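Enquirer: With chain F fixed as given, assemble chain C onto it according to the hints.
There are 2 protein chains.
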Amino acid sequence: MRMSKLFARTLREAPSEAEVVSHKLLIRAAYIRKLMAGVYSWLPLGWRTLRKVEAIIREEMDASGAQEVRLPIILPADPWKVTGRWETYGELMFKLKDRHEREMGLGPTHEEAVTPLVAGEFTSYRDLPVNLYQIEWKYRDEFRPRFGLLRVREFLMKDAYSFDRDEEGMRASYAAMVEAYRQIFGRCGLDYRVVEADPGQIGGDVNHEFMALAPIGEDEFVYCENCDYAADIEAATSRPPEPAADGELEPATKIQTPGRSTIQAVSELLGRPASALMKCILYDAGGRSVAVLIPGDREVNDDKVARAMWPAPVRLFEDEDFAARGFVKGYVGPQGLPADVTIIADHSVRAGRNWVTGANEVDHHVSGANVDRDFRVDRWEDVAQVRLGDPCPRCEGSLRLAKGIVVGHTYQLGTRYSKALKATFVDEDGTEQPYQMGCYGIGLPRTIAAVVEQANDEAGIKWPKALAPYDAVVIPTNMDVPEVVDAAERLYGELGSSGVEVVVDDREESAGVKCADADLIGYPLQVVVGKRGIQAGKVDLKVRATGVRTEAPLDGAARSAKDLLGAAP
Amino acid sequence: MRMSKLFARTLREAPSEAEVVSHKLLIRAAYIRKLMAGVYSWLPLGWRTLRKVEAIIREEMDASGAQEVRLPIILPADPWKVTGRWETYGELMFKLKDRHEREMGLGPTHEEAVTPLVAGEFTSYRDLPVNLYQIEWKYRDEFRPRFGLLRVREFLMKDAYSFDRDEEGMRASYAAMVEAYRQIFGRCGLDYRVVEADPGQIGGDVNHEFMALAPIGEDEFVYCENCDYAADIEAATSRPPEPAADGELEPATKIQTPGRSTIQAVSELLGRPASALMKCILYDAGGRSVAVLIPGDREVNDDKVARAMWPAPVRLFEDEDFAARGFVKGYVGPQGLPADVTIIADHSVRAGRNWVTGANEVDHHVSGANVDRDFRVDRWEDVAQVRLGDPCPRCEGSLRLAKGIVVGHTYQLGTRYSKALKATFVDEDGTEQPYQMGCYGIGLPRTIAAVVEQANDEAGIKWPKALAPYDAVVIPTNMDVPEVVDAAERLYGELGSSGVEVVVDDREESAGVKCADADLIGYPLQVVVGKRGIQAGKVDLKVRATGVRTEAPLDGAARSAKDLLGAAP
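As they're listed, the protein sequences go chains F and C. Just remember that this note's numbering sits 156 ahead of the position in the first sequence, which is counted from 1. Just remember that this note's numbering sits 156 ahead of the position in the second sequence, which is counted from 1.
The reader is advised that the hints may include incorrect statements.
Unchecked claim - Only part of the chain C face toward chain F is listed, based on derived beta-carbon distances under 8 angstroms: (1) R226; (2) P228; (3) L273; (4) V286; (5) I291; (6) W293.
Stated by the list, open to error - Covered by chain C, according to a simulated footprint, are these stretches of chain F (three or more residues, beta-carbon under 8 angstroms): (7) 187-196; (8) 223-233; (9) 241-252; (10) 275-288; (11) 292-306; (12) 315-325.
Read the hints as simulated data drawn from the structure, not as lab findings. This one's a predicted model, so the numbers in the text were calculated from it and none came from an experiment. Ideal Cβ positions, reconstructed from N, Cα and C, are used throughout, including at glycine.
Only chain F is shown next, with the shape it has when bound in the complex (with noise of 0.2 angstroms):
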């Protein structure tokens, strides 16, 4: 391709919209360009990059034993009414009718129109287990699109379902799936985890995020420095402390803290840290009181409450439910509790003794305050925020910090959508079944904007060559020395008919002007023809991601550039 020809016009500046890095150089490098809030045009390089993650995707998935089917995107709402999701969906959801006033929208996921089309053709068990995939458009009216590429209302998706007799059979095809979501994501160059997503307040739902690691991603994650563990904030455990060593139990006393009803405040006043102090923070569950006991440097995570609660709605204490239900606000402690409370307590709190927690009095607290002995644990459960350098449930390792972009989401649905769509096969005992369904996601210019975040510089975009959308640029920066583009014109024909993806910037500008676009496009290779090279029989090669710089002799430069892009990320 020659860069005079290209439908590429950089820029020097990002529009002021631009908050994120992958959004300015996407647009600055002309990749993309805005239609309208969230809807973007693909250009020549753009396309060609999401053409890219796109085939390495269908590879694997191919490779998986899913087969490629097509959906449509306009979709009958019928069967988003069946399952709810008309509703629940609402506003996200683009919705229209046709000529014939028939209600349709805009599919924004596919399970309503792919659980009928199985249920039509596989309607044996000797027919499963299939796992159906597409690449396509979807579509969600995102009340605030942002970001570029990382919140859009029309994106391409990659989605897949998997169905199964059974159980067994679903959790296997998950299995797989999750195999080649490794594959695709290492393709990619990602620096990813994979991430166990909250389970839902069932706790059946087994499902898992695949998050690219980056500063601006939206999602904030746990994950072992040591091991695979990975999970977001809110499912994510930590391996419970040891229970404390048996001790001295100090008698438990009643002290003075008058005006001292927060943590902080009380550790100040004793002199003691937090983590000798014990919380007992209150929460309604459907109507019964809750006591949540944790050490006083930690925080409660609300979703495991809710869970361990689970299916009574829980919520926190308001101020006159302290009141009404005969609570002092800032001085609760659990001893003496009545039966109709229930007590849970945080593994963690076995660790310690001789707590200091509230005396049920204004201006009170109670030192030496120790299980059993002084309050009654009905529950033990894991209702604790994760926090760094909390030890790794599964290692000896700790657990770190860390924020993400979500490039992909796996799920083991189970019978929701079949039931619900009545979609059957007729099993070996002549019964009919629910079909067990997966359902798998990635979301192919999020990931794109995902590499884009991890490897740029101040100048632009460092590609790793399997999404660059070529391999290589070659640069005559004297366009007015014949023997400079005879040599990069040379260069051009070698690099493209030995199979590198090449682009000759053939333009008549300068040299820096040429430099600073090959370096904001990201190609992973630069061959930069220069007078003084040429005139010593040499040309120069860059290699974008790591900087390096080379001389190569003119002969032997096409060689010297495929030696190079082989060793290059």
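Expert: Relative to chain F, chain C alone:
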């Protein structure tokens, strides 16, 4: 691929609504499934064929120098209102509003999106020409979708848009696209004609339809038996006949023709052929009367009359016009018509003399009427409907009539969209100039349907190799004979590893079912492995397109299969 796994269950019966063979076969052979009226899901077989067409188009478009981009499907309404097409498309365009009540449409075509895009990037004459294309789903809310893939509401389209500095450039871009289209449809194995389409009343809008020959086609056109000439019925011309040689001019004689107001009646009364009579057909052109002369055995082409009289609006006389303007319906002739009547004669009138025509008097005609002596001709024009057997306007061949399916359409748009959208570049002289545009479309699903209409028999589809979802199927006819299964698996492996796209039909089905499915699905080659053959060390090979069967020794069967495939259409 194993047939036991392939998401494809063939059907014995086509749905009752399927009227045309491509619809019936593509449903029965499990290529597509209907989701709602005019909206189809593509199953793995169909999707593979669609992607083969897509790959052919992409290769030829890239080879032509066009650059691939991707424009959004959801489009803001405003540019469509500027060009007026928000109104003219009307209900044919799917329209919706987003959550902020902004109006949008689903793209039926993309002039309104691509024109501002180019104007934002390629702002100088030095940047031009450029031709951008995409292969993306398009939306048209057809009132009555039908004929399977031939009239749908969602369809994959290759649309390209060329931008040039001047008309000469536009014509060169246009010629390159026509050539690319010839390559594309040739590679798809289509029997097609490049048909000159009705240029519209202005006459400037050069455009061509690529018409696949098919008796069920909805468009009639004319083509030469001998050369490349082809045109749709509205635009077709034939070579004007030679003027009549000099000869005796009979005297003009009024004759009684009581009650004979039609060509047929006069012809019968006088015992003379219709070709000896001359029709005089009256039109109103913006208030002016127009008399069109044509031999009695020919029909006037109203579109041609309209073009001849443009910009006046043209309509046939209605009954009241005759009386009001002093004409005698059924007995009109050109003799003595007043000067304010425009008399247009078709060129074919030159070829005759001594015409029988109306006497402008009830129940009377005139015989021996001759041009100039008895009536004047204001303009000689081509206003005849072309008919079977007419001489070709370009060569010595004669014309045929056919019906076709429009699979591609190319247009010289000129500045229609660039002017409306104020899309300009800076020309060499510093002036702002609107782009000279062309647009070029190919319907991929229609192309597939047209191929199936041309390549089928009562048993199923006979794909050309280029479009078949797989090249070959290996059919073990006796699954209970290990030698048969082993030989089939071995051939399946050998063919696959030598680059043949191959299916093995490993289902526990009868030989009859498997062979019927193979014919229906239409793999170009069938490799049948049977018990008796294996005992003799042989397999059967069948080329689907020709029906020719050959035997090959098992050991060399993969080689023979590749050779047969190489020679297949």
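Enquirer: Next, verify each hint and record whether it holds.
Expert: Hint check:
| no. | hint | result |
| --- | --- | --- |
| 1 | R226 | holds, 4 angstroms |
| 2 | P228 | holds, 5 angstroms |
| 3 | L273 | holds, 6 angstroms |
| 4 | V286 | holds, 6 angstroms |
| 5 | I291 | violated, 11 angstroms |
| 6 | W293 | holds, 6 angstroms |
| 7 | 187-196 | holds (count 5) |
| 8 | 223-233 | holds (count 10) |
| 9 | 241-252 | holds (count 4) |
| 10 | 275-288 | holds (count 5) |
| 11 | 292-306 | holds (count 4) |
| 12 | 315-325 | violated (count 0) |
Consistency with the previously given hints fails for numbers 5 and 12, ordered from lowest to highest.
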